[in-house]
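From just these sequences and the hints, can you work out the full model?
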Amino acid sequence: MTLETDGHLKSHATEEVVIALEGVGKWFGDFQALKGVDLEVRKGERIVICGPSGSGKSTLIRCINRLEEHEEGRITVDGIELTGDVKRIDDIRREVGMVFQQFNLFPHLTIMENCTLAPLWVRRMPKKEAEANALKYLERVRIPEQAHKFPAQLSGGQQQRAAIARALCMNPRIMLFDEPTSALDPEMIKEVLDVMVELAAEGMTMLVVTHEMGFARTVADRMVFMDAGEIVEVADPETFFNAPRSDRTKLFLSQILQH
Amino acid sequence: MAQTRRPSRRRIGPLTWARENLFSSWMNSVLTLTAIYLVYVSVPPLVDWALLSAVWKGDSREACLAPDAGACWPFIEARLDQIVYGFYTAVERWRVDIVYLVGAAGLAWLALPRLPFKRTVGIGMLIVYPLLAYVLLTGGMFGLALVESERWGGLLVTLVVSVTGIVASLPLGILLALGRRSRLPVIRMLCVVFIEVWRGVPLITVLFMASNMLPLFLPEGVTFDKLLRALIAVALFSAAYMAEVVRGGLQAIPRGQYEAAQALGLGYWRTMGLVILPQALKLVIPSIVSNFISLLKDTSLVSIIGFFDLLGIIQSANSDPAWATPNTAFTGYVFIAAIYWAMCFSMSRYSQNLERRLGAGARR
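So the protein lines, in turn, are chains A and B. Residue numbers for the first sequence, in the numbering used here: -6 to 252. Residue numbers for the second sequence, in the numbering used here: 906 to 1269.
Since the hints were made in silico from the structure, they are not lab data. Treat the numbers as computed from the prediction; the structure is a model and nothing was measured. Glycine included, C-beta positions come from ideal geometry on N, C-alpha and C.
Derived lysine-lysine pairs resembling BS3-like cross-links, with alpha carbons at most 30 Å apart:
hint : chain 1 : residue 1 : chain 2 : residue 2
1    : B       : Lys1202   : B       : Lys1131
2    : A       : Lys121    : A       : Lys142
3    : B       : Lys1023   : A       : Lys120
4    : A       : Lys243    : A       : Lys183
5    : A       : Lys121    : B       : Lys1187
6    : B       : Lys1023   : A       : Lys121
7    : A       : Lys36     : A       : Lys3
8    : B       : Lys1023   : A       : Lys142
9    : B       : Lys1187   : A       : Lys142
10   : A       : Lys36     : A       : Lys129
11   : A       : Lys3      : A       : Lys243
12   : A       : Lys80     : A       : Lys120
13   : B       : Lys1187   : B       : Lys1202
14   : A       : Lys183    : A       : Lys3
15   : A       : Lys3      : A       : Lys129
16   : B       : Lys1023   : B       : Lys1187
17   : A       : Lys120    : B       : Lys1187
18   : A       : Lys120    : A       : Lys142
One side only, chain B facing chain A, incomplete, derived with CB under 7 Å:
hint : residue
19   : Ala1165
20   : Leu1169
21   : Val1180
Here chain B is said to cover these stretches of chain A; the calculated rule only asks that three of the stretch's residues, wherever they fall, bring their Cβ under 8 Å from a Cβ of chain B:
hint : segment
22   : 90 to 100
23   : 109 to 115
Rendered as structure tokens:
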């Protein structure tokens, strides 16, 4: 992988916009989780979203594959606007992979079956091809030997890497990561982040919600800071970490970078 | 690397075992002695009645009239055909035998883990077998003589009603459970009303309505078989119970499982069929089988709408003056109780076995 002189990963961002959010609003009961969020993500771009808990980071990326429904504004993914139309939602979900904080592997299936389920049933891929494909991605996340075990037999880090492989097996154009390392023991965080850095180096479009600031510095093309449902600041990592403009960003950074 | 050895298990003799497990405290000792006493007063007399003092040979009640005689087994022998076939036309009983044999062979094939072609046999048992059984048992086509369901009885009726109920109630119950959790208000409402109405009415009432009242509401000239009406009633009744069992399982599946499946683009039916239901049903196997068992025993209620199921046929046999002895009734009841028990106990054991096998790799 190509690191530039400042230790930052080479950017793959292009001009083509693949995700566009315009004035997106979302409520949970009376609580407004997202307030007029505007964001454009370009193909190959890597965006790291951070902010205090309850600031709407997860809600934001969950709106992109409609695990949450936005109630205001427009979301366009890959040229398709997200509406109530079930067919379109499934079309988008095929192109957008997601990795969850709690892994959410299917416990009744082996790792191999977890990885081939959607290619077999959604992409209608022949079984042989789906298995070869799954093995390729399991090798990439460095757990091919775990293919025939059940999720409960793997460590947390291995489970999360299997979950990443499962998402990649659908050959998505965009990957969403919702705090992928927050449920892991410290010694397992690195193995997951390493896989994510490799993925970034290959040019995958990524939206990552995380508190791993070292990862953000290396990988992010743009940092997005959210607080109370709003995007407070968007900046390249250099500016974001060294010269943040907003007081809220400064406060947040001082709190998480203290140790 | 130096490995530490697991300490070898201490060998203990039976006396030590008894002291540690049966008489470890005064409370435990009292319970042990009480249990021994209960076994002493109940088991030997029963064995004596059923085996030692029982009458095994004879052609009529005279054989069983001896003052100290126990169970009157010749009575069962004389009535065995009725117990198994009811009043099914004697020369046509080979048809029932085929249905029994194919059914038993198919079930055994599915239950034994080692045999291959499970899917083919399963589909055959679910689709081909019911048709075969229907044609063979009812007749009136393919040159088979018609045997009206009024003539069926005994074990045949018990098995037909309970197997139909079991096979129909599980898929219906799953659909009702999914409907009750649906986002669509009309479907949800319909399912809630269906489930609550059927669960709120005693099975006897349902059977009475199916056999006596339903014909009054049907247009003139439209009739359908009384046994069929009872079958539908039993299936719908147990589907309502099954729905609640399945719903319990669905609720135990974490939200993340739905989200992961949705995020992969699986859609509603595939999410349910491939991810949620396999996990949910596994969790509720004990309750599902418990429902099957109570359904099997509840089929004895069809005797009140005029069918002679296992219980009905024994009751009618008991009142036969040709076999009136002090032990006749008790012998009959013990015999069918043993049949019911054997069927229920096998289901229970099979479900435990299934749970163990399914739980082997996939513990959370």
